[in-house]
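A.B. asks: Protein chains in written order, with the working numbering: chain U, 1350 to 1787; chain G, -10 to 272.
Please note that a few of the clues may not be correct.
[To be verified] To list a few chain G residues with every Cβ distance to chain U over 10 Å, as calculated:
1. I93
2. I151
3. T263
[As the list claims (entries may be wrong)] Covered stretches of chain G, going by a simulated chain U footprint (3 or more residues, C-beta under 8 Å):
4. 129 to 140
5. 210 to 221
[As the list claims (entries may be wrong)] As a list, the in silico DSS-like pairs of lysine-lysine whose alpha-carbon atoms are at most 30 Å apart:
6. K217(G) with K1600(U)
7. K27(G) with K1457(U)
8. K1438(U) with K27(G)
9. K1522(U) with K1767(U)
10. K122(G) with K1531(U)
11. K1680(U) with K1457(U)
12. K217(G) with K1778(U)
13. K217(G) with K1585(U)
14. K1464(U) with K27(G)
15. K27(G) with K1600(U)
16. K122(G) with K1480(U)
Since the hints were derived computationally from the structure, they do not count as laboratory data. C-beta atoms are modelled at their ideal positions from N, C-alpha and C, and glycine is treated no differently.
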Amino acid sequence: MRKKWLALALAGVMAASVLAGCGGGASGESSDAGTSGSGSVYYLNFKPEQDEAWQKLAKEYTEETGVKVEVVTAASGEYETTLTSEMAKSSAPTLFQVNGPVGLANWKDYCLDLKDSDIYGQLTSDAYALKDGEAVDGIAYVIESYGIITNKTLLAKAGYKPEDIASFADLKKVAEDITARKDELGFAAFTSAGMDSSSDWRFKTHLANMPIYFEYQDKGIDTTDAIEGTYLDNYKNIYDLYINNSTCDPKELANKTADDSEAEFLDGEAVFFQNGSWEYGNLVGDGKFKDEDLVMIPIYVGAGDEANQGLCTGTENFWCVNSQASADDQKATLDFINWCVTSDKGTAAMSDEMGFTIPFKSAKESPNVFVQQDAQYTADGKTPVSWNFSTMPSEEWKNGVGTALTAYAADQSDANWKEVVSAFVDGWKTEYELTNQQ
Amino acid sequence: MDKALKKYSPIFVLPTLAAFIIGFVVPFVQGLYLSFCKFITVDNASWVGTGNYRYVFTEPSFRHAFGFTVSFAVVSIILINAGGLGLALLLTRKLKGTNVFRTIFFMPNLIGGIVLGYIWQILINCILSLAGKPLLALNSTAGYWGLIILMCWQQIGYMMIIYIAGLQNVPDDIIEAAQIDGASDLRTFISVKLPMIMPSITICVFLTLTNSFKLFDQNLALTSGEPKHMTEMVALNIYNTFYARAGLQWHGYGQAKAVVFCVIVILISLIQLTATRSREVQQ
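Looking at chain U on its own, in the form it has when it is part of the complex (with noise of 0.2 Å):
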């Protein structure tokens, strides 16, 4: 799918720079001819997922107020450059996102201080917005949950049911129990954890987050400048579980990607899938998975208080307004987003259309069944694991543990693991201080 989405891009990019070179003459005369003093929004998506219903919800903007909105997706991959290529042309993006505070440092100057925004007074806690010192950067519009997506049919076939795994014991019991059984049951326990390079973030970074967050909780921390490594070993436990009871022979993971994940979740031949509520629209529909099929199950790795702990949940997605925008686009931009999130067209797509559960008080529940049960679970009682693997030091940080855990799945010795461990660990004192130096 990333793939895809990365031709699917460039494509764009090269469709969109010869548009803009017809049509910049033709913009131009419409901005005169349009009521003075009003600006225009131009939003820099990062979901490919989404676009579709940005581009309606754009349209039906423009239909509503006559401010033109236009909506340009960059792919998650390609996202970075292409922020950094349309932020130097003269009509850059008034609306961008960054995915953290690592990702703020390069578009510190950029962003707009959102704190006297009717947007920032409508989120419902002030822990989603995204600071720097006093003044508030970003702010989250969207809140996604990960975890093990689960086949309830298959699992029942298997003889187990969604609540008979509620640590990492039980997922270990199940999960080899299905792998003694593969041949007679006709599916495998985990579908491939592919480690291709556009698709090994679901361990490089998601599944890593899980050591991360347990280490902070101990040492009351949200950032650090040198990780210890502390659940390594859980982490080990975990990836172990998953490629080697897995639909292919974890020597052949280097070359699988996600998509392959999803197409082996999807013919049922496997239990288990690693991925987040972003999934829905791929799992669920028509001859597709129907929302009662699947379930999503915390990601036990044997730390902490397992019987209380709730699906992976948090954001990467921050809103940002540029600074550098003339004021009129700045207002329009400011009115557009609040408008998203506020009016009744706006949060009925935001949640129908795009899934999203989003922050803010007038938010509609979203249909998205991973993300009900997300709530539920934090409804139950327990407690969501946060993401913080937005702090993690830089991309090339992720790429050095990626790489050796896909080294470790095709050779599994502990000299393999060591260099995961160092990738890790080491990795991280050398990348943070790469990254922060002056």
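Chain U is already provided as a structure; the job is to place chain G on it using the hints.
C.D. replies: Just chain G now, kept in the frame of chain U:
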């Protein structure tokens, strides 16, 4: 007539000159300036002096990428040119179906680098997996040879066309004279054809040299530098410098690397051009 040409020459030169200035000179000068800055977008840069260059020369990954690129360039230049010239010799021998073969050998060149990279990644991984060897992402030797095979496959056909054109320009009477003098095929090739096609060699070596140094998309698609940057060439290294870490200074470092790289490629190409040009003969 001459006078008129002289009078209007600026008008004829203007479009090309303008394109050259807009498309090359301005970005190059701006790039040079940016290599002394830290910046996130090109119109918002702050001057930092020569710090970027000092960093670039101490970075081990850049040196490794450079060494890897040189060893790749040497092997691929030799193989591509030998292959291209060999095919050209075969296909100028008035054999049956030469045109079909020429077309077939030329075709890989029509496919884009990214697509080729992914196709060969699947092929090579398949073979490695059958042989029980680590896959491309973990195997820098396979990555290196994979890149070479990929580039040969893509470029031999193109160079072949240039060599064929060169060989067809060798006058028949000279070859006939050599044959009458009793020269063998090999002798005719070394003493007659080779000196006569020196201009083709100059252009082919120049093209393969610069292509190998600037290689990016095939590298990105086939190995993306894995494992641990071991198969990362300079262009990819520069790209990764820009985007692998957050922070304004990284863009400056990347830009400085790009300037260093550009200067080196220009120097090497100039040396190569003078070296092969000096061997060209007049017909």
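A.B. asks: Look at each hint and say if it fits the structure.
C.D. replies: Hints versus structure:
no. : hint                   : verdict
1   : I93                    : holds, 27 Å
2   : I151                   : holds, 29 Å
3   : T263                   : holds, 37 Å
4   : 129 to 140             : violated (count 0)
5   : 210 to 221             : holds (count 4)
6   : K217(G) with K1600(U)  : holds, 18 Å
7   : K27(G) with K1457(U)   : holds, 14 Å
8   : K1438(U) with K27(G)   : holds, 18 Å
9   : K1522(U) with K1767(U) : holds, 26 Å
10  : K122(G) with K1531(U)  : holds, 26 Å
11  : K1680(U) with K1457(U) : holds, 19 Å
12  : K217(G) with K1778(U)  : holds, 17 Å
13  : K217(G) with K1585(U)  : holds, 20 Å
14  : K1464(U) with K27(G)   : holds, 28 Å
15  : K27(G) with K1600(U)   : violated, 42 Å
16  : K122(G) with K1480(U)  : violated, 49 Å
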